[in-house]
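Enquirer: Now for the letters of each chain:
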Amino acid sequence: MSEMTYLEAISDGLREEMRRDESVFCLGEDIGQFGGAFKVTAGFIEEFGADRVLDTPLAENLIIGAATGAAIEGMKPVCEMQFADFISCGFDQLVNVAAKMHYRQGVAVPMVVRLPSGGGFSGGPFHSQNPEAWFLQAPGLKVVAPSSAADAKGLISAAIRDPNPVCFLEHKGLYRHVRGEVPEGEYVVPIGEAQVVREGEELSVIAYGSAVPLAIEAAEQLDESIEVLDLRSLSPLDTDAILATARKTGKVLVAHEATQSCGMGGEVAALISEHCFEDLDAPVRRLTAPDVPIPFSPPLEQRILPQLDDMKEVCRELIAY
Amino acid sequence: MKLENASVAREPSREAEPDTGELLTRRDRSLLLRYMLLMRLSEERGLTLYRQGKVPGSFYDGCGQEAISVGAAFVLAPQDRACILHRDLGAHFVRGVTPDRYLANYMGRSGGVTGGKDGNVHFGDRELGCVGMVSMLPDMALVATGQALAFKMRGEPRVALTFFGEGSTANGQWHEAMNFAGLHRLPVVFVLENNRFAYSTPNDLEYAVDPVERARGYGFPGVAVDGNDVEAVFDATRQAADRAREGEGPTLIEAHTMRMHGHGAHDDMSYVPPELFEEWKQRDPIERYTRILAEHHGFSRDELDAIRSECEREVADAAEKALASPMPDPDTAAEGVYADRFEPLGDGHAPWSRWAEGGKPHGNGRFRPADAKEAA
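Residue numbers (the numbering used here), protein chains in the order written: chain D, 8 to 328; chain Y, 26 to 401.
Worth flagging that the hints you see were computed from the coordinates, not collected in a lab.
Quick reminder that beta carbons are idealized off the backbone N, C-alpha and C, glycines included.
Check the hints yourself; a few may be wrong.
Chain D is nowhere near these chain Y residues, computed Cβ spacing over 10 Å in every case [unchecked claim]:
1) HIS147
2) GLY149
3) GLU231
4) ALA341
5) ASP342
6) TRP380
Pairs of lysine to aspartate or glutamate, EDC-like flavour, derived with a Cα cap of 20 Å [what the hints assert, rightly or not]:
7) D:LYS107 with Y:ASP235
8) D:LYS319 with D:GLU231
9) D:LYS107 with Y:ASP365
10) D:LYS107 with Y:GLU368
11) D:LYS107 with Y:GLU312
12) D:LYS107 with Y:GLU360
Input sequences plus hints: build the corresponding full structure.
Expert: Have a look at this one:
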């Protein structure tokens, strides 16, 4: 084990997979000599060469479309969207070509799309979005969103080894703020498995990405018996783990940074109401961003993104219910 | 260093000069006619099935454009790959799909290439190295570019071929594909079928400059060719594929033709001036090639009739087989959304005599399966 940041853990996982398998290559904007906008691929070009750390023109449909073509020919491309927001420019290739390829003609598309997502740093409406719900409406895509350094490494490795297109949401707010012990060498966390990251009896907070450290901190500060379930994978979803924690505590808060309507929170709440209605002691609550673009100015952005005090308040309300 | 950027345009756009003398054997020529006929007759049969109410959705064909998909696909070696579009049924047949699977696909039967998952010509047989199109155009230009990227990265002398219409050249993805393919000199052949209309929109509302002229701006040649002359299409594609295999990069071939039917069977084409149909009827690719085979290549009337009647019989049998194919089990509707393992594409049929001889050069001897590493 060695301690590293969430960002270093992504790099570490990527590097391990590239060393292990020659068909793995990265492509994206400014990822070569420059090492990527967030430096995830810093130093890669020296180790793997410019072919495997391929700088592309500013063309997201090209990145996704060419990756799809290379993937069906046996390569394992890892695309970097410079910001998750820019996937809108490559969306057609992702949801129409890559996602449907196996269903329509039995052709597997083993590729990863890395998506630096999330706000909290005055990135404004085009550098702060959490677009996961877009992908959840596109059957054929897998979607993962780690919150810890170890999972960041384990899930990037799993995503690369998966024979399907995998959207890997890496929250920019976690990049350098989350540190943790990460296993050395090859390390794979299976896609589709949630993890209880804090045990509790009174309330379950079901979260992913940046909402997980927020939930843990709220639970610690409140000093209540709050369970925190880190979903880790959004598609496929670990329904068993969701229902188990709901049945255990009878009270559920679903938390995420993405906007509310038709989001992951609504999906999890629906699952719980369908399967655990008799086990509930309170209505399932959601803590999310409202249905608003992410504003630029700090006081506006802070009002929109879920904050620690918001998390504590909803937890208190649910425990008191 | 395998990938090396092209920094300057090297060749201007040019007219293709057919040079097929020694490249095509008598059997090759009979096959070119056969595949075009198979396409025409299969599509005619499909249209009848549509009119009989046996085809859900609408019906799309490539009537009048047979020379393009057949002439281009005939060039491909087994390990080459093709992303095939909806006017290009002939390419599927050249690569080994049989007409019964095409007709069954149109009818949504289990025996169709997609087993009912997708309709009409939205299919590619994985085992024959073909990738089916999506409706968004020209998405497959980028997929073919990515296949070519894989070939070049691994130093394999293989070619990715794809088709699109002139309508597609207005979309931004077309530019993304051309730019990247030119930048890295990828072994991809882009066949542009200019059939005069994007659905109902005529050429003069589509572009200011003929798209073939743009190739030069991307650093590779654009070649204009008579799209109703199967040997001209074959030859332009052969030269482009050889160029690609030698590491010299992509080619844009613009095949001029005319879409003789509507965008789909629901389209009455009232927007097409009747004299345009008359003009292009005179240039029908199948009648024209039949005449050429008789006049220049010593095919007898009996031989030519026999090719046609064999195709008619094959299509009639195919229709029976397709009609006998059951509808898919509804329980299969949710299957196959995700892959549980990767399986590579298989190789396609390669009926051109060059490949029967193990890929040895003949004719003008230009073919040389150069290692892309050396070529770059």
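Enquirer: Which constraints among the numbered hints does this structure fail? Numbers only, ascending.
Expert: 1, 2, 7 and 11
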